Amino acid sequence: MIKILGLDVSKSSVSACLLTQKPEQPRQFYYECPFYRFSANAEGIKALLGLDADIAMIEPTGNNYSKLWGTHLARAGVEVRLIGHKELKNYRANHLALPDKDDDADALALACYY
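For any residue, its number in this note's numbering is found by taking its place in the sequence shown, counting from 1, and adding 1337.
No wet-lab data here; the hints were simulated from the structure. A few of these clues could be false.
Estimated spans, in silico, between C-beta atoms of each pair [to be verified]:
| no. | residue 1 | residue 2 | range |
| --- | --- | --- | --- |
| 1 | Glu1424 | Ile1339 | 16 to 22 Å |
| 2 | Glu1369 | Thr1408 | 28 to 34 Å |
| 3 | Pro1360 | Gly1399 | 17 to 23 Å |
| 4 | Asp1439 | Ala1384 | 19 to 25 Å |
| 5 | Gln1365 | Gly1414 | 29 to 35 Å |
Derived BS3-like pairs: lysine-lysine, alpha-carbon spacing no greater than 25 Å straight-line [unchecked claim]:
| no. | residue 1 | residue 2 |
| --- | --- | --- |
| 6 | Lys1438 | Lys1359 |
| 7 | Lys1383 | Lys1426 |
| 8 | Lys1404 | Lys1340 |
| 9 | Lys1348 | Lys1426 |
| 10 | Lys1438 | Lys1426 |
| 11 | Lys1423 | Lys1359 |
| 12 | Lys1438 | Lys1404 |
| 13 | Lys1383 | Lys1348 |
| 14 | Lys1426 | Lys1404 |
| 15 | Lys1423 | Lys1348 |
| 16 | Lys1426 | Lys1340 |
| 17 | Lys1359 | Lys1340 |
| 18 | Lys1348 | Lys1438 |
| 19 | Lys1423 | Lys1404 |
| 20 | Lys1383 | Lys1404 |
| 21 | Lys1383 | Lys1423 |
| 22 | Lys1426 | Lys1359 |
| 23 | Lys1423 | Lys1438 |
Values in this document were obtained by computation on a predicted structure and should not be read as measured data. In this text, a Cβ means the ideal position worked out from N, Cα and C, and glycines have one as well.
Turn these sequences into a full structure, and let the hints steer you where they fit.
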């Protein structure tokens, strides 16, 4: 079973959603899903790596915030895929009914994008 990790990156942390399959009803799943939050420090990175994901889906951010997480995931053997802002926005608008401006919803959308 493949583990897909959606990561919404901010300056000092990430919101994460781990999926083993795409939910049939993403909006309902959003309200039931256990989301994770990790700080951008050694402890947070170690905890994120402990989720043992196979693939990580990340939206690139400015100031290299996403690079920190992507680098550590790649070094741990996780395949890292970058999803552009326009692609994710269009995917959310056309395929998912998730709340806007919500870190957890963004993490779920990224995981579903796989």
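Comparing the hints with the structure gives:
| no. | hint | verdict |
| --- | --- | --- |
| 1 | Glu1424 x Ile1339: 16 to 22 Å | 21 Å, holds |
| 2 | Glu1369 x Thr1408: 28 to 34 Å | 32 Å, holds |
| 3 | Pro1360 x Gly1399: 17 to 23 Å | 30 Å, violated |
| 4 | Asp1439 x Ala1384: 19 to 25 Å | 22 Å, holds |
| 5 | Gln1365 x Gly1414: 29 to 35 Å | 33 Å, holds |
| 6 | Lys1438 x Lys1359 | 21 Å, holds |
| 7 | Lys1383 x Lys1426 | 30 Å, violated |
| 8 | Lys1404 x Lys1340 | 21 Å, holds |
| 9 | Lys1348 x Lys1426 | 20 Å, holds |
| 10 | Lys1438 x Lys1426 | 11 Å, holds |
| 11 | Lys1423 x Lys1359 | 21 Å, holds |
| 12 | Lys1438 x Lys1404 | 22 Å, holds |
| 13 | Lys1383 x Lys1348 | 18 Å, holds |
| 14 | Lys1426 x Lys1404 | 21 Å, holds |
| 15 | Lys1423 x Lys1348 | 21 Å, holds |
| 16 | Lys1426 x Lys1340 | 23 Å, holds |
| 17 | Lys1359 x Lys1340 | 11 Å, holds |
| 18 | Lys1348 x Lys1438 | 15 Å, holds |
| 19 | Lys1423 x Lys1404 | 19 Å, holds |
| 20 | Lys1383 x Lys1404 | 16 Å, holds |
| 21 | Lys1383 x Lys1423 | 31 Å, violated |
| 22 | Lys1426 x Lys1359 | 18 Å, holds |
| 23 | Lys1423 x Lys1438 | 15 Å, holds |
Violated hints for the displayed structure, listed by number in ascending order: 3, 7, 21.
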